[in-house]
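To convert, take the position in the sequence shown, counting from 1, and add 725; that gives my numbering.
You may find that some hints are simply not true.
[Unchecked claim] BS3-like, lysine-lysine: derived pairs with alpha carbons at most 30 Å apart:
(1) Lys995 / Lys855
(2) Lys855 / Lys772
(3) Lys995 / Lys969
(4) Lys1053 / Lys995
(5) Lys855 / Lys951
(6) Lys888 / Lys855
(7) Lys888 / Lys995
(8) Lys772 / Lys969
(9) Lys995 / Lys1083
[As the list claims (entries may be wrong)] Label pairs and their computed distance ranges (CB to CB):
(10) Asp1090 / Leu1027: 46 to 52 Å
(11) Gly1031 / Cys1007: 38 to 44 Å
(12) Pro979 / Gln871: 34 to 40 Å
(13) His795 / Leu1060: 18 to 24 Å
Bear in mind the hints are in silico, worked out from the structure with no lab data behind them. The C-beta atom is built at its ideal place from N, Cα and C for all residues, glycine as well.
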Amino acid sequence: MNSEEIENNYTINYSFRVSNSEEIKRQISDNPAENIILVGTAHVSEKSVAEVEETIERERPDGVAVELCHARYQALTQEVETKKISAKDILGGNKPYYFLVHWLLAFVQKKIGKDLGVDPGAEMLEAINKAESIGARIVLIDRDIQITLQRFWQNMSLWEKLKMTWALVGASIGLKGEEIDIESVTDKDVVTQLMEELRHFAPSVARVFVDERDAYMARNLLEAGKSSRIVAVVGAGHREGITKYLEHPETLPPPEELVSVNQKRFSVFKIIGLAFVALAICMFLLVILAIINGTLPLNMLLIALGIWFIINGILSAAGAALARGHPKSIMTAFLVAWLTSLNPMMAAGWFAGLMEAKQRPPSSDDFKEIIEAETFGQMYNNRLFRILLVAALANLGSMIGTFLGIYVIFSITNIDPTIYLKNIFSNII
(Lines of atoms letter the chains of each structure in order from A and count residues from 1; the text may use other names and numbers.)
(Lines give C-alpha, C1' and ligand atoms only; values in the text may rest on other atoms or scores of the structure.)
Protein backbone atom coordinates (compact mmCIF):
# COMPACT_ATOMS: atom_id res chain seq x y z
CA MET A 1 0.00 0.00 0.00
CA ASN A 2 1.32 3.49 -0.89
CA SER A 3 2.00 5.89 1.95
CA GLU A 4 -0.37 8.39 0.26
CA GLU A 5 -3.26 6.02 0.94
CA ILE A 6 -2.67 6.16 4.69
CA GLU A 7 -3.71 9.25 6.61
CA ASN A 8 -2.82 10.19 10.17
CA ASN A 9 -4.31 13.55 11.24
CA TYR A 10 -3.19 15.28 14.40
CA THR A 11 -4.73 18.71 14.94
CA ILE A 12 -8.11 20.18 13.97
CA ASN A 13 -10.49 22.75 15.42
CA TYR A 14 -14.06 22.33 14.29
CA SER A 15 -17.52 22.44 15.87
CA PHE A 16 -19.84 19.69 14.65
CA ARG A 17 -22.51 17.31 15.93
CA VAL A 18 -23.01 13.63 15.25
CA SER A 19 -26.20 11.63 14.76
CA ASN A 20 -26.85 7.97 15.54
CA SER A 21 -25.39 5.54 13.00
CA GLU A 22 -28.91 4.52 11.89
CA GLU A 23 -29.59 8.12 10.82
CA ILE A 24 -26.36 8.59 8.85
CA LYS A 25 -27.13 9.09 5.19
CA ARG A 26 -25.11 7.68 2.36
CA GLN A 27 -24.44 11.07 0.74
CA ILE A 28 -21.74 13.32 2.18
CA SER A 29 -23.13 15.78 4.72
CA ASP A 30 -21.89 19.29 5.38
CA ASN A 31 -21.65 18.23 9.00
CA PRO A 32 -18.48 16.07 9.27
CA ALA A 33 -19.81 14.21 12.29
CA GLU A 34 -22.75 12.91 10.29
CA ASN A 35 -20.33 11.27 7.87
CA ILE A 36 -18.85 9.08 10.60
CA ILE A 37 -20.10 5.57 11.41
CA LEU A 38 -18.62 4.18 14.62
CA VAL A 39 -18.13 0.44 15.03
CA GLY A 40 -17.25 -0.54 18.60
CA THR A 41 -15.37 -3.83 18.83
CA ALA A 42 -13.79 -6.18 21.34
CA HIS A 43 -10.17 -6.60 20.26
CA VAL A 44 -10.21 -10.38 20.64
CA SER A 45 -13.74 -11.17 19.48
CA GLU A 46 -14.62 -13.22 16.40
CA LYS A 47 -18.03 -11.53 16.38
CA SER A 48 -16.33 -8.13 16.08
CA VAL A 49 -14.31 -9.25 13.05
CA ALA A 50 -17.51 -10.25 11.25
CA GLU A 51 -19.26 -7.02 12.25
CA VAL A 52 -16.42 -4.92 10.83
CA GLU A 53 -16.55 -6.75 7.49
CA GLU A 54 -20.34 -6.48 7.25
CA THR A 55 -20.41 -2.77 8.10
CA ILE A 56 -17.74 -1.79 5.57
CA GLU A 57 -19.35 -3.93 2.87
CA ARG A 58 -22.77 -2.41 3.57
CA GLU A 59 -21.70 1.23 3.84
CA ARG A 60 -18.99 1.25 1.13
CA PRO A 61 -17.31 4.31 2.72
CA ASP A 62 -14.69 6.60 1.19
CA GLY A 63 -12.36 5.84 4.05
CA VAL A 64 -11.92 3.38 6.92
CA ALA A 65 -10.52 4.78 10.16
CA VAL A 66 -8.80 2.38 12.53
CA GLU A 67 -7.68 2.67 16.15
CA LEU A 68 -4.00 2.51 15.20
CA CYS A 69 -1.01 4.82 15.04
CA HIS A 70 1.64 4.49 12.33
CA ALA A 71 3.93 2.31 14.47
CA ARG A 72 1.12 -0.08 15.44
CA TYR A 73 -0.08 -0.18 11.83
CA GLN A 74 3.38 -1.25 10.72
CA ALA A 75 3.57 -3.87 13.47
CA LEU A 76 0.16 -5.25 12.53
CA THR A 77 0.90 -5.40 8.81
CA GLN A 78 4.51 -6.58 9.37
CA GLU A 79 6.12 -3.70 7.53
CA VAL A 80 8.92 -3.19 10.06
CA GLU A 81 12.51 -3.42 8.85
CA THR A 82 14.92 -5.64 10.75
CA LYS A 83 17.74 -3.68 12.36
CA LYS A 84 19.75 -3.62 15.55
CA ILE A 85 18.35 -1.57 18.40
CA SER A 86 20.51 0.50 20.73
CA ALA A 87 20.18 -0.55 24.35
CA LYS A 88 20.30 3.12 25.31
CA ASP A 89 16.99 3.59 23.46
CA ILE A 90 15.20 1.25 25.84
CA LEU A 91 17.13 1.65 29.09
CA GLY A 92 17.02 5.41 29.53
CA GLY A 93 14.88 6.97 32.26
CA ASN A 94 11.68 5.05 33.04
CA LYS A 95 11.57 3.34 29.63
CA PRO A 96 12.36 -0.17 30.97
CA TYR A 97 9.28 -0.09 33.15
CA TYR A 98 6.73 1.24 30.69
CA PHE A 99 8.06 -1.04 27.94
CA LEU A 100 7.63 -4.01 30.28
CA VAL A 101 4.07 -2.96 31.11
CA HIS A 102 3.29 -2.43 27.41
CA TRP A 103 4.52 -5.89 26.46
CA LEU A 104 2.74 -7.52 29.38
CA LEU A 105 -0.48 -5.83 28.22
CA ALA A 106 0.08 -7.12 24.69
CA PHE A 107 0.86 -10.61 26.00
CA VAL A 108 -2.30 -10.77 28.13
CA GLN A 109 -4.38 -9.66 25.13
CA LYS A 110 -2.68 -12.28 22.96
CA LYS A 111 -3.37 -14.93 25.59
CA ILE A 112 -7.08 -14.07 25.73
CA GLY A 113 -7.26 -14.10 21.94
CA LYS A 114 -5.64 -17.53 21.79
CA ASP A 115 -8.23 -18.91 24.21
CA LEU A 116 -10.97 -17.56 21.96
CA GLY A 117 -9.33 -18.55 18.68
CA VAL A 118 -8.95 -14.93 17.53
CA ASP A 119 -5.71 -13.00 17.03
CA PRO A 120 -5.55 -9.62 18.83
CA GLY A 121 -6.14 -6.83 16.34
CA ALA A 122 -7.89 -9.19 13.92
CA GLU A 123 -10.78 -6.75 13.54
CA MET A 124 -8.33 -3.92 12.69
CA LEU A 125 -6.58 -6.10 10.13
CA GLU A 126 -9.95 -7.07 8.67
CA ALA A 127 -10.86 -3.38 8.40
CA ILE A 128 -7.57 -2.66 6.59
CA ASN A 129 -8.01 -5.58 4.20
CA LYS A 130 -11.64 -4.72 3.52
CA ALA A 131 -10.75 -1.09 2.86
CA GLU A 132 -8.17 -2.22 0.30
CA SER A 133 -10.69 -4.51 -1.39
CA ILE A 134 -13.25 -1.72 -1.94
CA GLY A 135 -10.69 0.96 -2.75
CA ALA A 136 -11.25 3.00 0.41
CA ARG A 137 -8.37 4.89 1.97
CA ILE A 138 -7.10 4.02 5.45
CA VAL A 139 -7.07 6.67 8.15
CA LEU A 140 -4.86 6.11 11.21
CA ILE A 141 -6.53 8.06 14.01
CA ASP A 142 -4.83 6.93 17.21
CA ARG A 143 -2.10 8.74 19.14
CA ASP A 144 1.48 7.51 18.79
CA ILE A 145 1.98 4.55 21.12
CA GLN A 146 5.23 5.98 22.51
CA ILE A 147 3.50 9.19 23.60
CA THR A 148 0.70 7.18 25.20
CA LEU A 149 3.15 4.98 27.10
CA GLN A 150 5.19 7.93 28.32
CA ARG A 151 2.11 9.83 29.49
CA PHE A 152 0.77 6.61 31.02
CA TRP A 153 3.85 6.05 33.17
CA GLN A 154 4.27 9.75 33.94
CA ASN A 155 0.71 10.18 35.25
CA MET A 156 0.44 7.00 37.32
CA SER A 157 0.91 7.14 41.07
CA LEU A 158 3.31 4.72 42.73
CA TRP A 159 0.38 2.72 44.11
CA GLU A 160 -1.23 2.48 40.66
CA LYS A 161 2.05 1.30 39.15
CA LEU A 162 2.38 -1.43 41.75
CA LYS A 163 -1.23 -2.58 41.34
CA MET A 164 -1.06 -2.54 37.56
CA THR A 165 2.24 -4.44 37.43
CA TRP A 166 0.97 -7.07 39.87
CA ALA A 167 -2.27 -7.51 37.92
CA LEU A 168 -0.41 -7.90 34.61
CA VAL A 169 2.13 -10.35 36.02
CA GLY A 170 -0.71 -12.35 37.57
CA ALA A 171 -2.59 -12.46 34.28
CA SER A 172 0.59 -13.38 32.38
CA ILE A 173 1.36 -16.41 34.53
CA GLY A 174 -2.24 -17.58 34.56
CA LEU A 175 -3.63 -16.43 37.90
CA LYS A 176 -7.39 -16.61 37.52
CA GLY A 177 -9.61 -13.60 37.95
CA GLU A 178 -13.27 -12.94 37.31
CA GLU A 179 -14.52 -14.57 34.11
CA ILE A 180 -15.81 -12.15 31.45
CA ASP A 181 -17.85 -13.05 28.37
CA ILE A 182 -15.79 -11.42 25.60
CA GLU A 183 -18.71 -11.44 23.17
CA SER A 184 -20.65 -9.24 25.62
CA VAL A 185 -17.86 -6.67 25.87
CA THR A 186 -19.34 -4.67 22.99
CA ASP A 187 -22.64 -4.29 24.88
CA LYS A 188 -23.02 -0.77 26.26
CA ASP A 189 -23.87 -1.79 29.83
CA VAL A 190 -20.93 -4.21 30.03
CA VAL A 191 -18.51 -1.65 28.59
CA THR A 192 -19.71 0.98 31.05
CA GLN A 193 -19.18 -1.44 33.93
CA LEU A 194 -15.67 -2.35 32.75
CA MET A 195 -14.72 1.33 32.35
CA GLU A 196 -16.01 2.12 35.84
CA GLU A 197 -13.95 -0.75 37.26
CA LEU A 198 -10.84 0.49 35.45
CA ARG A 199 -11.36 4.03 36.77
CA HIS A 200 -11.71 2.66 40.28
CA PHE A 201 -8.68 0.38 39.92
CA ALA A 202 -6.34 2.90 38.28
CA PRO A 203 -7.81 6.36 37.50
CA SER A 204 -4.65 7.57 35.75
CA VAL A 205 -4.64 4.56 33.42
CA ALA A 206 -8.25 5.22 32.42
CA ARG A 207 -7.51 8.89 31.80
CA VAL A 208 -4.45 8.28 29.58
CA PHE A 209 -5.50 5.08 27.79
CA VAL A 210 -9.18 5.91 27.36
CA ASP A 211 -10.21 9.55 27.87
CA GLU A 212 -7.25 11.23 26.17
CA ARG A 213 -7.32 8.86 23.22
CA ASP A 214 -11.09 9.36 22.89
CA ALA A 215 -10.45 13.08 22.40
CA TYR A 216 -7.49 12.51 20.08
CA MET A 217 -9.38 10.09 17.85
CA ALA A 218 -12.52 12.26 17.82
CA ARG A 219 -10.48 15.20 16.48
CA ASN A 220 -9.02 13.09 13.72
CA LEU A 221 -12.42 11.65 12.81
CA LEU A 222 -13.94 15.12 12.49
CA GLU A 223 -11.10 16.12 10.19
CA ALA A 224 -11.48 12.96 8.10
CA GLY A 225 -15.26 13.40 7.92
CA LYS A 226 -15.15 16.89 6.40
CA SER A 227 -15.28 15.60 2.84
CA SER A 228 -15.64 11.83 3.13
CA ARG A 229 -17.87 9.14 4.55
CA ILE A 230 -15.88 7.24 7.16
CA VAL A 231 -16.40 3.92 8.92
CA ALA A 232 -14.42 4.12 12.16
CA VAL A 233 -13.35 0.86 13.82
CA VAL A 234 -12.51 1.44 17.49
CA GLY A 235 -12.53 -0.56 20.70
CA ALA A 236 -15.88 -0.72 22.44
CA GLY A 237 -14.42 1.12 25.42
CA HIS A 238 -13.82 4.19 23.22
CA ARG A 239 -17.21 4.30 21.53
CA GLU A 240 -19.11 6.26 24.17
CA GLY A 241 -16.32 8.78 24.79
CA ILE A 242 -15.74 9.45 21.09
CA THR A 243 -19.48 9.86 20.50
CA LYS A 244 -19.72 12.46 23.28
CA TYR A 245 -16.90 14.47 21.74
CA LEU A 246 -18.48 14.23 18.30
CA GLU A 247 -21.76 15.51 19.74
CA HIS A 248 -20.04 18.29 21.69
CA PRO A 249 -16.73 19.08 19.96
CA GLU A 250 -16.48 22.33 21.89
CA THR A 251 -15.49 20.20 24.89
CA LEU A 252 -12.42 18.80 23.13
CA PRO A 253 -9.22 19.67 25.00
CA PRO A 254 -6.47 21.60 23.18
CA PRO A 255 -4.48 19.17 20.99
CA GLU A 256 -1.15 20.10 22.59
CA GLU A 257 -2.44 18.79 25.93
CA LEU A 258 -2.83 15.32 24.42
CA VAL A 259 0.65 14.94 22.94
CA SER A 260 2.94 16.75 25.37
CA VAL A 261 5.28 14.70 27.54
CA ASN A 262 6.54 16.72 30.47
CA GLN A 263 9.58 15.32 32.21
CA LYS A 264 9.03 15.59 35.94
CA ARG A 265 11.96 16.93 37.88
CA PHE A 266 11.11 14.71 40.80
CA SER A 267 9.18 11.47 40.53
CA VAL A 268 8.20 9.24 43.42
CA PHE A 269 10.91 6.75 42.43
CA LYS A 270 13.55 9.47 42.36
CA ILE A 271 12.48 10.73 45.78
CA ILE A 272 12.61 7.20 47.21
CA GLY A 273 16.00 6.65 45.59
CA LEU A 274 17.37 9.91 46.97
CA ALA A 275 16.02 9.04 50.42
CA PHE A 276 17.80 5.67 50.36
CA VAL A 277 21.05 7.27 49.19
CA ALA A 278 20.83 9.97 51.85
CA LEU A 279 20.13 7.37 54.53
CA ALA A 280 23.08 5.22 53.40
CA ILE A 281 25.47 8.17 53.37
CA CYS A 282 24.27 9.27 56.81
CA MET A 283 24.84 5.73 58.05
CA PHE A 284 28.49 5.74 56.96
CA LEU A 285 28.97 9.24 58.39
CA LEU A 286 27.62 8.00 61.73
CA VAL A 287 30.02 5.04 61.63
CA ILE A 288 32.94 7.40 60.96
CA LEU A 289 31.75 9.74 63.71
CA ALA A 290 31.54 6.82 66.16
CA ILE A 291 35.11 5.81 65.25
CA ILE A 292 36.32 9.38 65.81
CA ASN A 293 34.58 9.44 69.19
CA GLY A 294 36.25 6.16 70.12
CA THR A 295 33.03 4.18 70.51
CA LEU A 296 33.87 1.94 67.53
CA PRO A 297 37.22 0.44 66.41
CA LEU A 298 38.72 1.58 63.11
CA ASN A 299 38.28 -1.81 61.46
CA MET A 300 34.52 -1.47 61.87
CA LEU A 301 34.48 0.91 58.89
CA LEU A 302 36.06 -1.79 56.71
CA ILE A 303 33.59 -4.34 58.05
CA ALA A 304 30.68 -2.00 57.27
CA LEU A 305 31.96 -1.42 53.73
CA GLY A 306 32.38 -5.17 53.24
CA ILE A 307 28.84 -5.87 54.43
CA TRP A 308 27.53 -3.11 52.17
CA PHE A 309 29.37 -4.51 49.16
CA ILE A 310 28.28 -8.11 49.73
CA ILE A 311 24.60 -7.50 50.56
CA ASN A 312 24.02 -5.03 47.72
CA GLY A 313 26.00 -7.13 45.26
CA ILE A 314 24.35 -10.45 46.08
CA LEU A 315 20.78 -9.12 45.94
CA SER A 316 21.32 -7.11 42.75
CA ALA A 317 23.02 -10.09 41.11
CA ALA A 318 20.18 -12.31 42.29
CA GLY A 319 17.73 -10.04 40.48
CA ALA A 320 19.76 -10.28 37.27
CA ALA A 321 20.01 -14.06 37.69
CA LEU A 322 16.25 -14.34 38.25
CA ALA A 323 15.83 -12.63 34.88
CA ARG A 324 18.16 -15.29 33.42
CA GLY A 325 20.74 -12.69 32.53
CA HIS A 326 24.10 -13.50 30.97
CA PRO A 327 26.80 -14.43 33.56
CA LYS A 328 28.63 -11.20 32.73
CA SER A 329 25.42 -9.24 33.37
CA ILE A 330 25.03 -10.94 36.74
CA MET A 331 28.66 -10.21 37.61
CA THR A 332 28.25 -6.59 36.53
CA ALA A 333 25.26 -6.16 38.84
CA PHE A 334 27.26 -7.70 41.70
CA LEU A 335 30.28 -5.44 41.19
CA VAL A 336 28.53 -2.08 40.74
CA ALA A 337 25.57 -2.34 43.13
CA TRP A 338 27.47 -1.12 46.21
CA LEU A 339 28.54 2.06 44.39
CA THR A 340 25.30 2.83 42.54
CA SER A 341 23.43 2.57 45.85
CA LEU A 342 25.45 5.57 47.03
CA ASN A 343 25.00 7.60 43.85
CA PRO A 344 21.50 8.84 42.86
CA MET A 345 22.68 9.44 39.28
CA MET A 346 23.43 5.75 38.65
CA ALA A 347 21.57 2.45 38.90
CA ALA A 348 22.91 -1.10 38.95
CA GLY A 349 20.22 -2.18 36.51
CA TRP A 350 21.44 0.21 33.84
CA PHE A 351 24.91 -1.30 33.87
CA ALA A 352 23.58 -4.86 34.00
CA GLY A 353 21.12 -4.13 31.19
CA LEU A 354 23.82 -2.60 29.00
CA MET A 355 26.04 -5.63 29.56
CA GLU A 356 23.12 -7.92 28.69
CA ALA A 357 22.52 -5.98 25.48
CA LYS A 358 26.21 -6.23 24.61
CA GLN A 359 26.27 -9.99 25.15
CA ARG A 360 22.91 -10.66 23.47
CA PRO A 361 22.17 -7.76 21.06
CA PRO A 362 18.44 -7.44 20.24
CA SER A 363 16.99 -6.58 16.83
CA SER A 364 13.60 -5.41 15.64
CA ASP A 365 12.79 -9.10 15.11
CA ASP A 366 12.63 -9.30 18.89
CA PHE A 367 9.96 -6.59 18.82
CA LYS A 368 7.88 -8.75 16.48
CA GLU A 369 8.46 -11.93 18.44
CA ILE A 370 7.59 -10.38 21.78
CA ILE A 371 4.20 -9.26 20.47
CA GLU A 372 3.60 -12.68 18.92
CA ALA A 373 4.58 -14.59 22.08
CA GLU A 374 1.89 -17.04 23.15
CA THR A 375 3.48 -18.25 26.40
CA PHE A 376 5.30 -16.46 29.19
CA GLY A 377 8.28 -18.71 28.46
CA GLN A 378 8.54 -17.26 24.96
CA MET A 379 8.55 -13.75 26.38
CA TYR A 380 11.10 -14.79 28.99
CA ASN A 381 13.45 -16.05 26.25
CA ASN A 382 13.10 -12.91 24.14
CA ARG A 383 16.37 -10.93 24.15
CA LEU A 384 14.69 -7.54 24.29
CA PHE A 385 12.34 -8.50 27.13
CA ARG A 386 15.25 -10.08 29.00
CA ILE A 387 17.35 -6.91 28.81
CA LEU A 388 14.57 -4.91 30.41
CA LEU A 389 13.87 -7.63 32.96
CA VAL A 390 17.56 -7.79 33.90
CA ALA A 391 17.63 -4.01 34.37
CA ALA A 392 14.40 -3.90 36.37
CA LEU A 393 15.16 -6.84 38.68
CA ALA A 394 18.79 -5.82 39.23
CA ASN A 395 17.55 -2.38 40.31
CA LEU A 396 14.94 -3.96 42.57
CA GLY A 397 17.55 -6.22 44.15
CA SER A 398 19.87 -3.27 44.71
CA MET A 399 17.07 -1.29 46.36
CA ILE A 400 16.29 -4.18 48.72
CA GLY A 401 20.01 -4.61 49.36
CA THR A 402 20.34 -0.94 50.30
CA PHE A 403 17.55 -1.18 52.86
CA LEU A 404 18.83 -4.48 54.26
CA GLY A 405 22.43 -3.26 54.32
CA ILE A 406 21.49 -0.19 56.35
CA TYR A 407 19.60 -2.34 58.84
CA VAL A 408 22.43 -4.87 59.24
CA ILE A 409 25.16 -2.25 59.66
CA PHE A 410 23.19 -0.32 62.25
CA SER A 411 22.55 -3.62 64.06
CA ILE A 412 26.17 -4.83 64.24
CA THR A 413 27.55 -1.39 65.19
CA ASN A 414 24.83 -0.80 67.79
CA ILE A 415 24.44 2.71 66.45
CA ASP A 416 21.13 4.37 67.25
CA PRO A 417 20.71 7.12 64.64
CA THR A 418 17.98 8.82 66.67
CA ILE A 419 20.44 9.57 69.49
CA TYR A 420 22.88 11.22 67.10
CA LEU A 421 20.11 13.21 65.46
CA LYS A 422 18.89 14.44 68.85
CA ASN A 423 22.42 15.50 69.78
CA ILE A 424 22.85 17.34 66.49
CA PHE A 425 19.57 19.20 66.85
CA SER A 426 20.25 20.05 70.50
CA ASN A 427 23.63 21.52 69.54
CA ILE A 428 22.03 23.56 66.79
CA ILE A 429 19.34 24.86 69.12
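Hints the structure violates: just list their numbers, smallest first. 1, 3, 6, 11, 12, 13
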